Amino acid sequence: MSSRLELLAALLLLIVRALLRPPSTLWRDWVFLLGLLWLASLFPSRVKNLPLLAGALAAYLLAVYGAGQWPYLHAIFAGLP
Amino acid sequence: MILGAFWLLAANAASLLGAGALLRGMRTGRASTDVVLFLLLRLLLISGVVLAAGLIGGLHPTALGIVSLISLAVLLRLGVHKSIPPLGRPAWGRAGVAAAVIVGLRLLLQVWFFSPHLGDATAYHLPKIAEWIQQRGFTREMGLHPHVTFPAGFELIETWWVLFLRHDVLIELAGVEFLVLSFAAAYGLADGLGLSEKSRFFAALSFVLVPGLHLTATSCMNDGPAAALVVSTAALVLLRAPLPCILIAVGLGLGVKPTYGFALPGVALLAWFSRKDPAPRAAFAWPPAMLGLAIGAFWYVRNLLWFGNPFHPLGTPGADNPVAVQFGPSPASLWKNLGDLVDTRIYDQGYLGANIDGIAGWGPLAFACGVPALVLALRSVPHLRRLTVCLLLSLGTSLLFSKNDPWHLKYVFYFPVVLTLAAAWLAERNLVFARISWLALGFCFAATVLPYDLPWKDFTVLARQSWSERSALALQKSTVEEKEIGCFGGYTAHAYLLYGPDFSRKVVYLRASTAAELVGEIRKANLRRIYASPSSSLQNEVLREAMLSGKLRPSSASIYILTD
Numbered sequence: 001m002s003s004r005l006e007l008l009a010a011l012l013l014l015i016v017r018a019l020l021r022p023p024s025t026l027w028r029d030w031v032f033l034l035g036l037l038w039l040a041s042l043f044p045s046r047v048k049n050l051p052l053l054a055g056a057l058a059a060y061l062l063a064v065y066g067a068g069q070w071p072y073l074h075a076i077f078a079g080l081p
Numbered sequence: 001m002i003l004g005a006f007w008l009l010a011a012n013a014a015s016l017l018g019a020g021a022l023l024r025g026m027r028t029g030r031a032s033t034d035v036v037l038f039l040l041l042r043l044l045l046i047s048g049v050v051l052a053a054g055l056i057g058g059l060h061p062t063a064l065g066i067v068s069l070i071s072l073a074v075l076l077r078l079g080v081h082k083s084i085p086p087l088g089r090p091a092w093g094r095a096g097v098a099a100a101v102i103v104g105l106r107l108l109l110q111v112w113f114f115s116p117h118l119g120d121a122t123a124y125h126l127p128k129i130a131e132w133i134q135q136r137g138f139t140r141e142m143g144l145h146p147h148v149t150f151p152a153g154f155e156l157i158e159t160w161w162v163l164f165l166r167h168d169v170l171i172e173l174a175g176v177e178f179l180v181l182s183f184a185a186a187y188g189l190a191d192g193l194g195l196s197e198k199s200r201f202f203a204a205l206s207f208v209l210v211p212g213l214h215l216t217a218t219s220c221m222n223d224g225p226a227a228a229l230v231v232s233t234a235a236l237v238l239l240r241a242p243l244p245c246i247l248i249a250v251g252l253g254l255g256v257k258p259t260y261g262f263a264l265p266g267v268a269l270l271a272w273f274s275r276k277d278p279a280p281r282a283a284f285a286w287p288p289a290m291l292g293l294a295i296g297a298f299w300y301v302r303n304l305l306w307f308g309n310p311f312h313p314l315g316t317p318g319a320d321n322p323v324a325v326q327f328g329p330s331p332a333s334l335w336k337n338l339g340d341l342v343d344t345r346i347y348d349q350g351y352l353g354a355n356i357d358g359i360a361g362w363g364p365l366a367f368a369c370g371v372p373a374l375v376l377a378l379r380s381v382p383h384l385r386r387l388t389v390c391l392l393l394s395l396g397t398s399l400l401f402s403k404n405d406p407w408h409l410k411y412v413f414y415f416p417v418v419l420t421l422a423a424a425w426l427a428e429r430n431l432v433f434a435r436i437s438w439l440a441l442g443f444c445f446a447a448t449v450l451p452y453d454l455p456w457k458d459f460t461v462l463a464r465q466s467w468s469e470r471s472a473l474a475l476q477k478s479t480v481e482e483k484e485i486g487c488f489g490g491y492t493a494h495a496y497l498l499y500g501p502d503f504s505r506k507v508v509y510l511r512a513s514t515a516a517e518l519v520g521e522i523r524k525a526n527l528r529r530i531y532a533s534p535s536s537s538l539q540n541e542v543l544r545e546a547m548l549s550g551k552l553r554p555s556s557a558s559i560y561i562l563t564d
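Keeping their order, the protein sequence lines are chains A and B. Sequential numbering from 1 applies to the first sequence in my numbering. Sequential numbering from 1 applies to the second sequence in my numbering.
Calculated directly from the structure, the hints in this document are not laboratory data. Fair warning: this is a prediction, and the values are worked out from it, not measured in the lab. Treat each hint with caution, since some may be false.
Each pair of labels, with its calculated beta carbon distance range [unchecked claim]: (1) Leu8/A - Gly339/B: 33 to 41 Å; (2) His81/B - Arg28/A: 53 to 61 Å; (3) Leu304/B - Ala56/A: 16 to 24 Å; (4) Leu8/A - Val461/B: 55 to 63 Å; (5) Arg28/A - Asp405/B: 35 to 43 Å; (6) Trp27/A - Gly328/B: 46 to 54 Å; (7) Pro329/B - Ala56/A: 48 to 56 Å; (8) Val461/B - Trp27/A: 53 to 61 Å; (9) Trp27/A - Gly4/B: 39 to 47 Å; (10) Lys48/A - Lys457/B: 47 to 55 Å; (11) Pro382/B - Leu8/A: 20 to 28 Å.
Here a beta-carbon is modelled for each residue, glycine too, at the ideal position from N, C-alpha and C.
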């Protein structure tokens, strides 16, 4: 895919997602965040350490996942409601 | 029991050596391909033996034990054991080896302390095994659930693990065998992508710790095995294994679960992408391939002969089946399934277990690390790009053929392998990402200790029982002392638990449609107690009338006693 087409696709993904999802949930919407990473990856000269940025996103998504899963995991050991 | 354990050891030694002997004729020279092939050949041999024994009424520990012992002697005489390649020391690093040992040991503990407990398993996968063991061969009677006629390739392997001991204490090893296959197949895919040995290991370990897949291994469900076979098929295609070797996996997969077939378009596309890389020929592999296809086709042919429909009861008009699955493609299902996955289920905000109610079960590593890593990996690894496109096609076709219910994502447990491969690739290149990935892997480990359907409270009940009496019937609070019991109900009836862990109790299935018929059937079979779990308004009415007439009275949970 040419970089211009890729840029268009990444922007389209971000716009569509922003239109489809409530704005208040975009901060934890993995597709939107993925779109941002994709966009950043198109400018390697400006974003020096992409793997580190991916790592930061991974840590953030792990926290999002953990916050959502923890109550259920805890209940399996502490007693299901 | 000691003799049974001896037969079990002999039979497993024979099947391992037999698989080794078959592999000699089809070895590709690439270790990761050969390991996948070896595991598939062992499963093929076991499936073939149990299928043949079931057909001729030879599902008897002594009969199969003697056959195994003779086979073992012949294989040893032929010197097959001398051709076993020495096990090289894996270059996984100390932490990697320690993690593999811990996961392996925990699996063994789960096998030992878990007992079949999940609804689907106890209602329709396992009752047929109990009947086969009791009758020493395949039976027409398989239980009351509308799905008992579904293909039972995985049940053949489970039968292997209960047959010799005549006890289900090791039944979960069948699922563990497929988890080992998942590991080998993911490792093979990583090898095909050119990842280092440490990264191959990390990708494979991450894949087998995908919570849904891992918890399926010890749940007596066939979704994990179906996923293992999809990934194995993809690995063999990517590694350019000879066509008949791939067909072994296809045959076994179709026999385990038709949902395996939903993923095949993506695998076919992968084969098309790889068409220019020459695959070696292996003429010797055609007979095992034919056997694999025959084992897979067996269930469909049986259903065609018995019911006139290879997919019975799917497509049967007017069939009273409240747990019906979709038959054929549906673009509406694809749209809804995809939307659910992307918008909500991938976050796993629900209880993790083999049945993943309303979640994906892909876990923290595939989700949090795999997704960002994939964005970068797709740019750099052409083979991963192809694999991702192909498995996305598989995901699409699987969702196209799956009803939008809370559980359909268990049919796509194979897909997270792409994400774990990407995470392993990036972890190799960035230390910070690697550390976050190991943290996520630790989370996966914690999330796969117990499934939600066997919470700590219930687990301790099972663990306190002696191994020989361990049964989830205790969790149902049902008390059964008789050696014979009736079973009335439908898809909610946990019929398997009635047989007992040593299959010593006879279960008579009651299919009455009126209270008088029910009482008549109970009397005719000379039963004193029945287990009833009505699954329809008609069955509720039948049971209610039988109690109102004073012929039946409740004695413990779901257990009713005949009053005269």
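So the hint says 47 to 55 Å: do the beta-carbon atoms of Lys48/A and Lys457/B match that? Once the Cβ atoms are compared, 52 Å apart, the range 47 to 55 Å for Lys457/B and Lys48/A holds.
Cβ separation of Pro329/B and Ala56/A, checked against the hinted range 48 to 56 Å: violated (40 Å)
Between His81/B and Arg28/A, is the Cβ distance one that fits in 53 to 61 Å? The hint (53 to 61 Å, Cβ to Cβ) holds, given that His81/B and Arg28/A are roughly 56 Å apart.
53 to 61 Å was suggested as the range; check whether the CB atoms of Val461/B and Trp27/A agree with it. violated (43 Å)
A range of 20 to 28 Å was offered for this pair. Does it hold for the Cβ distance of Pro382/B and Leu8/A? holds (22 Å)
Would you say the C-beta atoms of Arg28/A and Asp405/B sit inside 35 to 43 Å of each other? Since Arg28/A and Asp405/B have Cβ atoms about 26 Å apart, the given range 35 to 43 Å is violated.
The hint says 39 to 47 Å between Trp27/A and Gly4/B; measuring C-beta to C-beta, is that right? Given range 39 to 47 Å: violated, Cβ gap about 59 Å.
Just to be sure I understand the hint, the distance between the Cβ atoms of Leu8/A and Gly339/B should be within 33 to 41 Å; is that true here? violated (23 Å)
That 55 to 63 Å hint for Leu8/A and Val461/B (C-beta), does it hold up? Holds, at about 59 Å.
Consistency of beta-carbon spacing, Gly328/B to Trp27/A, with hint 46 to 54 Å: This hint is violated: roughly 40 Å between Cβ atoms.
Taking 16 to 24 Å as the stated bounds, is the beta-carbon spacing between Leu304/B and Ala56/A within them? violated (56 Å)
Comparing the model with each earlier hint shows violations of hints 1, 3, 5, 6, 7, 8 and 9; every other hint is respected.
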